[in-house]
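Chains as they are written, first to last, in my numbering: chain F, 1 to 709; chain Y, 710 to 1128.
Errors might be hidden in some of the hints.
List of simulated lysine-lysine pairs, DSS-like, C-alpha gap at most 27 Å [claimed, not checked]:
id : chain 1 : residue 1 : chain 2 : residue 2
1  : Y       : 821       : F       : 645
2  : F       : 467       : F       : 314
3  : Y       : 766       : F       : 468
4  : F       : 467       : Y       : 766
5  : F       : 568       : F       : 468
6  : Y       : 797       : Y       : 821
7  : Y       : 766       : Y       : 797
8  : Y       : 821       : Y       : 766
9  : F       : 405       : F       : 568
Source of the hints: derived by calculation from the structure; they are not laboratory data.
Quick caveat: nothing in here was measured; it's all calculated off a predicted structure.
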Amino acid sequence: MRSGGPFQLAVYGKGGIGKSTISANISFGLASRGLDVLQVGCDPKHDSTRLLLGGEAQDTVLDLIRSRGSVGYDDIVRTGSNGVRCVEAGGPRPGIGCAGRGVLTTFETLDELHVGDDADVKVYDVLGDVVCGGFAVPMRERYADAVVIVTSEEFMSVYAANNIMRGLLNFDTGRPRLLGLVHNSRGNGDDGLVRRFSEATRVPIIATIPRSDLFRDAESRGHTLLELHPGSGPADALSAVVDTVVSLMDGGSGLRYPSPLDDGQLSDLVSGAPIRERAEVEVLEQCPGCLFDTKRVVGSCATHGAMAVLNRIKDVAVIVHGPRSCGFIMSYAQNREYFNGRNARVYPTTPFSGNVHTTNMDDSDSIFGGAAVLEAKIRELVAEGHPAVAVVTSCVTGIIGDDSKEVVRRLNAEFPQCDIMYVESDGSITGNKFGGYNQVTDALMDIVDADVEPVPGTVNLVCDTFKKSNRPDYRNRIHDALGVFSLGINASMVDVCRSEDIRNIKRGMFNIRLYDNEETNHITESLASRFGMRTLENLFPTGTAETVRWLDEVAGILDLGAEAEAAKVRMADERESALATYGHHFAGRRAVVCCRDPTNLDWMCELMGELGVDVTVAYLDPVLVTEERVHHQSEREVVLNSSMKVVRETCGRERPDFVISDYRITDLPVPCILVDKSKLNVFRYANSIRMLWLQMMAPPTAGWTEVDA
Amino acid sequence: MILPDGFTGSVLAAESVADMRVLLNGPAGCRNRYMVLVRQLFPRGEDDERFALPYFKGQARVPCTYIDEDDFINGGGGKVADALRVIKSVCDDTVMIIDTPGSALIGDDHGKAVSDADMEGRAFALGGTLISLGFAESYDSTLRCIVEFIRPAELETVPRTVNIVGYPMTDNDWRHGLAHLRELLGAMGLTVTAAIGAGASTDDIRASVGAEANVVVYPEYARELTGYMESEYGVRTVVSPAGAPVGLHGTEVWIRTIADALGVDPSGALAMCSAARGAIRDAILSDRSRIKQLQGMSFGVDGVPSLAYPLTVWLHDYLGMVPASVMLNPDGDGTCRGSLEGYLSDLGLGSVVGDPLPDYCDVVLTNGQDAMHLQENRRCGVGIDVAFPSTREIVLLPRPTIGIPGSLMIVEEILNSMW
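Let the hints inform the model, and build the full structure from the sequences given.
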């Protein structure tokens, strides 16, 4: 064994250029010099070692891993002519899976099994274009002491060689590693292009292999040309490459940095024009434009958003098409939310019955594609009798380009008894969690029964998440408001429910939005465009003015004006009575109002007015504010800033009696009343303001925050 | 409940080292939930305001490269190097770079990123095909990689010192559990040098090679690590034939095995077990109706074999209950699996291994989420949370699964479920 570990030679070149033939001949030639050689084929077509094995194809590392789960040294290494040890990485069929990941896995397996650690030379035969990080692995410092690029006189071959040089510069290790070009002549008599390319890139042609029928003869007999036709012209040229490698191994020089051509120079090269001055070739030491950028960071992933909705539908079996950890972490997070929510009385019941599944994609599926495991899982769930199955894709399936949609389409046709939904969320590739959320609600529209007729006296509630609106105090508000018109709830989209509830959503006479956000509006817009369903213009109301408007709108639709007027009177009586009891706690005080949700601003300011509190200043988070969304009706100036620092400074300066806010603000010198829409029920005004007063009485700091307490 | 795979195992194993930090090379969707999970399992009291930096986004644990669509196509190696520089600027932790399953397909060169960030010796990337490994296997393997990366200098063996291994921080209430194991070992005159995988720091790991033995809690989580430490540093491995110290019988066998292997006196630790047996007996006897109900109550167990084996033996032999379903985690310990199958077979109950739960079972011992789910859906009288993921996120009073407190907790849950 060579001291310092094996010498590693990577042979790159465009696919079909003959690099496997040349690699096998180099390996044979090196072994003929008494060196212990390992050849590793890194091309999915896995024919690199065939000429060293008497024309036989050997089992590939990836096929063996796929079939057996794990492999040993003897499984993957075969010994060929001249004692050359042979390994084939293998890979997926074209258009399926991720061949680059296959190369990565092969190298990890070789490392793990110490394959060739005791060899003198390792020769890597690598697919031509450096198309992704996987194929660049053999270029990395750990794996390549020297690189040879095989090219012919055809332009695409030279183009690929140029790209390989660029890739090599991107993996610069601080020392040159390119040995030279091997010109594998196609025999058209014009070697000018390769010569000019060599001169322009300052990379020598270390050998020109002439076109010869001897190659075909050797290949048809399953051997290398060097073995069957030594002393021939092509054999001499191949031996020259071997000599160059051996010389390098013996301490000779000859490695250099290439000067790859830019696009303009390539154009000159192919047209035969004088090659222009080189523009600066981009060397990606560090991609300057792709470092951390807050604006591009999404808070969560689309798969998570999709799961957040689907988990609430009890009888939909959900398949996370991805690795087990993806399925685990998604279901874990959702379960955690529901169990915690149960404790907080947000959810009346756990929403699911163990209905989250995963295709358990492993490394093998990433390489060879996951369509088969997806199909098997869908068939299994359909056989179990689930009325609906939803397939949610993950990053991994997105990257390898699985055609999951086709699988779903085919099985939907085969199993009409089961609704198989397809949610192409693709993890973070195609968007954030809201994107995934909307994709699911779009998919759910497909199961709505368009023929269902509205049932008088029932309405639908629509919200992106019922987290807050399921709290008992919020539920009381809904109950009280709907009770004015004796309305019941047909469906809550999408709260904990069954698929049947979604199917029958048209039973509701109209929809009521609980929050004003993109996801909620996406649902109501879809229901309108697909099924002509009406949604109230007014959001479910908070505070006096909103409630009056909402009562008028509903009364207009149902022709129940008398009920609305009676409710308004009750509201006013309730408010008057409440202020008589608790109003003195607030009257004459000064407050700062802070909102992150712009739909909270009006009712919070209105409430302060009703309580006789003077609003010193109102702050509003500028992120969610668009002109249409600011409905502030008071004449007071609203400052578009919700920074806690600014609020603290204002409190320090203005000394209000309290801050009322819809987000938690810490370290304030005055009490902070934290509110959301659930806190104010105009039909139970006394209870609401009593709770606000109690919040105002909370100590501004807690003892536990003092370190030594 | 979908069980986690090797990716989760690796992230949590690396984060179990007190002064190690995982840099997740992947998108935000992966980071958020691991960040929450790590904080919950191993709260370190870090001040998040210090981490209002790129790649941290105001959250101390599991910084992330936040790769996006462009990075999936063009590579995100620049972000890895940049993130390492940011981490270096804010803490001295050792950093393990872990690719998410999606980003592992890109093939970024992390060796180069480490070098570019001038972090050699302080940062390294975990290779391998994590999603093909089981959770326990990967937790174990990652710890072995960490020890290998740290390369502790050889030390003289310090008599009467041991390391606790195979005790992952995913085990319920692991911090109280660890304190309890230290107490039991202390009662035998043994001092714990390091709990590798349960809060040990890199310095603890350096010192761990001087311990007399690695005492194993769950063998599934320590096979590779103990093999490595035996071959490289000559640290012996002590594994109980009864599996983990779960249930009083399992705990007693664990104590005796260690005492025999290290030549120490187990009587102090065994006396603690005896006291617990007395307390359990008193509790059962306190209500005659319970005595009648307990005998023959059905139970189901779902977990790794080294948990399921001692639990099954103890619940059957000591409490007189009958196993209705024993589901074994596939990446579990082969020895315990065989012992459990043999034990049940001898009882004529071999068929319950792998048999799903019946429509209703009196007691189910499983991970917290499944336990709660089964109980809520009236599939069992009581679902006892004995494994990850637990639903007890905040634990102030000791409620570990292992040892004496675990045994008392289990009996308490069973007895309180009766009426």
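Discussion item. Between the alpha carbons of residue 821 of chain Y and residue 766 of chain Y, is the straight-line distance 27 Å or under?
Written reply: Distance ~25 Å between residue 821 of chain Y and residue 766 of chain Y Cα, so the pair holds.
Practice prompt. Quickly compare the C-alpha distance for residue 797 of chain Y and residue 821 of chain Y to 27 Å and report which way the hint goes.
Written response: At roughly 16 Å apart (the allowed maximum being 27 Å), residue 821 of chain Y and residue 797 of chain Y satisfy the hint.
Discussion item. Does residue 468 of chain F sit within 27 Å of residue 766 of chain Y, going by the straight-line distance between their CA atoms?
Written reply: holds (26 Å)
Discussion item. Run the distance test for residue 821 of chain Y versus residue 645 of chain F: straight-line Cα separation, threshold 27 Å.
Written reply: Cα-Cα ~41 Å, so violated.
Worksheet entry | Distance restraint between residue 766 of chain Y and residue 797 of chain Y, which requires alpha-carbon spacing of 27 Å or less | holds (15 Å)
Worksheet item: Between residue 467 of chain F and residue 766 of chain Y, is the straight-line Cα distance small enough, at 27 Å or below?
Response: holds (25 Å)
Worksheet item: CA of residue 405 of chain F to CA of residue 568 of chain F, is that 27 Å or under?
Response: violated (53 Å)
Worksheet item: Are the Cα atoms of residue 467 of chain F and residue 314 of chain F separated by 27 Å or less?
Response: holds (17 Å)
Item to complete: Decide if the proposed pair is consistent with the structure: residue 568 of chain F and residue 468 of chain F, CA atoms, cutoff 27 Å inclusive.
Response: This hinted pair holds, its Cα atoms lying about 26 Å apart.
When the structure is compared with the earlier hints, violations turn up for hints 1, 9 and for no others.
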